[in-house]
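**Student:** Chain residues, written in single-letter form:
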Amino acid sequence: MNWAEIKNLQAVRITDIPCLPIDRLREETLTGLAAGRRVVQFFGHRTAGKVVLYVVLADDEYSHLYVASSVFAKETSYPAFTPAAPGLHLFEREFYEQFGIKPAGHPWLKPLRKGIAGSAAADETLYPFFHMEGEEVHEVGVGPIHAGIIEPGHFRFSCHGEGVYHLEIQHGFQHRGVEELFLRRRESPVFLLRLAESIAGDSVIGHVGAFARALEALSGVNISRQAMIIRTIASELERVAVHLGDLAALAADVAYLTGNAVFGALRTKVINTTLAICGSRFGRGLVVPGGVNFDIPPSLREDIRATMDRLEDETDLAAEVLFASASVLSRFEKTGIVTEDTARRIGMVGPAARASGFAVDVRADHPYGGFSYFPVHKMTLHSGDVFARAYIRHVEIKQSLRMITEQLSALNGGELNKNCPAPAAGMLLVSLAEGWRGEIAHAVITDGEGKLQRYKIKDPSFHNWFALALAVRGNGISDFPVCNKSFNLSYCGTDL
Amino acid sequence: MFELLKLRIQHNRPVIKDLRRAEINPAFRGFPLLNAASCCGTCPACSDVCPTGALALNPLRLDMGKCIFCGECARSCPEQAVRFSPAYRIGATKRAALVVNAGQRAEDFPGQAIVARKEIHRLFGRSLKLRQVSAGGCNGCEMELAACGNVNFDMGRFGIDFTASPRHADGLVITGPLTRNMSPALKDAYRSVSEPKIVILAGACAISGGVFAGADQLNRSFLVETPVDLFIPGCPPHPLTILDGLLRLLGRIG
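Listed in order, the protein sequences are those of chains A and B. Here the first sequence is numbered in my numbering, starting from 0 and rising by one per residue. Here the second sequence is numbered in my numbering, starting from 1197 and rising by one per residue.
Pulled out of the complex, with its shape left as it was, chain B reads as follows:
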């Protein structure tokens, strides 16, 4: 009995109380800062080394939907034209918004990239139930999605939860590069969610195929037919990135 009390005292309240003020350790690689002035435009060091082809030159730009945030480009650029800031608010409602151009500032990004829609706010603003489907996910994104519900991030306090069945859900959160072998199950799960429904892609693999882009064993046709409401980049995305994206999509912060 006393041990249990001691444990409760030790456990304290580890929840992050105010997400708007939460910050991640500066070592974290989040929103990329591109400096066109120091990029000579001719040296391909950064784009050559990028494992997923996320970086392009002339003009210098970085696609966060492909980026796995390994930091190899930042290490390879002799002029430090590419740096990663610890800013984690990097979700977007449009795929094209994930392409970061030179001079774009981390603090402006979330306001521009996520456009909260009125009907999503009205329908799901107070309660959003999601079904997660891993379609080739390596368990990285899955663990971070699960972490959103733990005592640190406590997603449940915002009325957002993961359900055990797509029948109980308002939408899907998809992770992984969409393997061919998961294709029928993914389509079944999507059909099982009643309208109106939303689709969220979490992680570089779901958004672009990530390091698996172009593999023969994928079938990404689902994404050609299905509208996507939120893109959450990362490899894997940090729980704060996921929560920030969801809350902005719902119009709860912004």
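Isolated chain A (complex conformation):
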């Protein structure tokens, strides 16, 4: 295997990326997966009338990324990877939808983002759902508008009585054309920054951080230590806030209102801390290519430290009560199990993967920014059920709170913001980040003048929706809300 070997945030010249025949690319990808590598990106790029398919594999043990490509000049199909690598099913559907090159033998070649509505024939035949047949078998359709205040998507359950045999998830309702906008407005870095913040509004720092680091790496800018630490603090605040919110929502889904109220109030304290730093409860406006817009002055540092210390005690007490409640545990335990083997096979990421015992965490595996200086220990649990996905949030909240306190002490003033010159020309760069949901991967290709030519975004949800579908199999349909919340995946991050 002579793929180009790079690291997270290390640019590689496009011409140095080996171009393989598609059969060999497929074979070597599958060999890599069998050896424990993971697919972090799989995307096409149209250039000079041809379509180039790029595959990026990660070797987590050695912090390496491997890139190879294949060119489609006139071919309109290729043998699908998905039958042998189920984790690629959404990637291949995306590739087919964007470039019309058919992954032959793909078992599930349905629309991903297009053809749902507004097209010439806006009917269901454009999205052929699986149907189960048999006596007393029935289907339950939910969405696109859901009961709660959440984003839209359609769930189709194939049930027998209360039991779920299969869940099919139809995406695309949120499709806003983010990747196209990245290219259309490439002359305006300020615009792109705000666009990156809106890829997924619950992972603002995750996505905008990945974007900013990509631009900095392509421009050869090293941001100041101060700016790096402020970003890291913001990213951990984001993680803590969403994890607390998820624990609140999980408690609500099993009608444990004390847990809902208490965790909800704790979350407010965290997002208000982010507001005190940068004026937005979600960290908008903080990160810019070259650094950050806001400092954390000494007086605010003390306030944050005191808040984090209190939060740790308060979260501990709340978690102790939540996880000791028999009525909560009876709903959480052994519900929606994803085994470690499944997690590996479908390429799960983030806390959901770690709750199944699959230890992947970009902060530890491919460190970036502040995590290069403050190593992160990967947390894992093994039961892979709703309980594990809930409890791992508690564990990670504690870990992140300590990290924030530690990093606050490392702030010592310094330059906040540097100028970012134009990006290097003719490069490919992969920017990985551990958002609170898991691995965010942005891949950038620059043209001969250093302008963005392709901006490919992958939200961690792209890997994990399949896990949700598998988790609910064999469970009662009434357990779906709590399963869904235990993953809390992004619709807009998937639909882009």
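Think of the hints as simulated: they come from the structure by calculation, not from any bench. There's no promise every hint is true.
To be verified - Computed list of lysine-lysine pairs in DSBU-like fashion (alpha-carbon distance at most 35 Å, straight line):
id, chain 1, residue 1, chain 2, residue 2
1, A, K109, A, K49
2, B, K1290, A, K268
3, B, K1325, A, K113
To be verified - Calculated from the model, a selection of chain B residues having no Cβ within reach of chain A, i.e. all distances over 10 Å:
id, residue
4, A1218
5, T1289
6, A1292
7, G1299
8, K1325
9, P1423
For each residue, glycine too, the CB sits at the ideal point set by N, CA and C.
Following the hints, put chain B in place on chain A, whose structure we already have.
**Tutor:** Positioned in the frame of chain A, the structure of chain B alone reads:
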């Protein structure tokens, strides 16, 4: 048992008791303060840098329906002619009222921008049930709308709630830039709400398309056909902005 009691004591009562006196941290970017005297009128630094085209010169004005409150204009103006105050009462019943002119004061804005209608007060003043529809929302506005119901803001005490079905609702709260793929579902949801009904747009995306304005994947035709009763700017709007807007619309404060 004792742990639970300890938890209740620790939790205390985090609710904001009097919304009329609630203030947000001064770091918050709310109502923009434009100073025409210090704006030279020729330098396009602020309008050039604005990612959504919310700022215009000659005369200096800022459209809060487009603004994502990133603060880039305030940072770029060498004369500090644009500043953001932490004033959060920025909802309006008319789209045009969201355009802030130089010299406009934050404390005068809510009284002028929200005109409470008698029939809305009579019909929904004591009970308003809303159905939320996210049509391309990034989950920012959705999280802040959900936060309105949490123990801090406790919207339920005013008789305002979100329902699980449009059939049970008195109106829609729409977020997101209105994607083409959500267009049929949004229209269905609107038709499913029985008359009389209201429509509220929350966030820059719903009001103007926000950073997604002009994207090919949007279909904003719904808004051409449908009257809107309340515009709540922000990216995302703060829960206090949402609550203030709703309560003024209902004539509960003002």
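**Student:** Checking the smallest CB distance to chain A, is A1218/B really beyond 10 Å?
**Tutor:** holds (13 Å)
**Student:** Can the restraint linking K109/A and K49/A be considered satisfied, given a maximum Cα separation of 35 Å?
**Tutor:** holds (24 Å)
**Student:** Evaluate the condition: distance from the CB of T1289/B to the nearest CB of chain A exceeds 10 Å.
**Tutor:** holds (23 Å)
**Student:** So G1299/B supposedly isn't at the interface. Is its beta-carbon more than 10 Å from every beta-carbon in chain A?
**Tutor:** holds (23 Å)
**Student:** Taking 10 Å as the cut and beta carbons as the points, is A1292/B off the interface with chain A?
**Tutor:** holds (24 Å)
**Student:** Verify that the Cβ of P1423/B lies farther than 10 Å from every Cβ atom of chain A, and report whether the claim holds or is violated.
**Tutor:** holds (21 Å)
**Student:** So if I understand the rule, the pair passes when the alpha-carbon distance is 35 Å or less; does K1325/B with K113/A pass?
**Tutor:** holds (33 Å)
**Student:** For the pair we were handed, K1290/B and K268/A, check the Cα-Cα distance against 35 Å.
**Tutor:** holds (34 Å)
**Student:** Would you check whether the claim that K1325/B is not at the interface survives, using Cβ distances to chain A and the 10 Å cut-off?
**Tutor:** holds (13 Å)
The structure meets every hint from the earlier list without exception.
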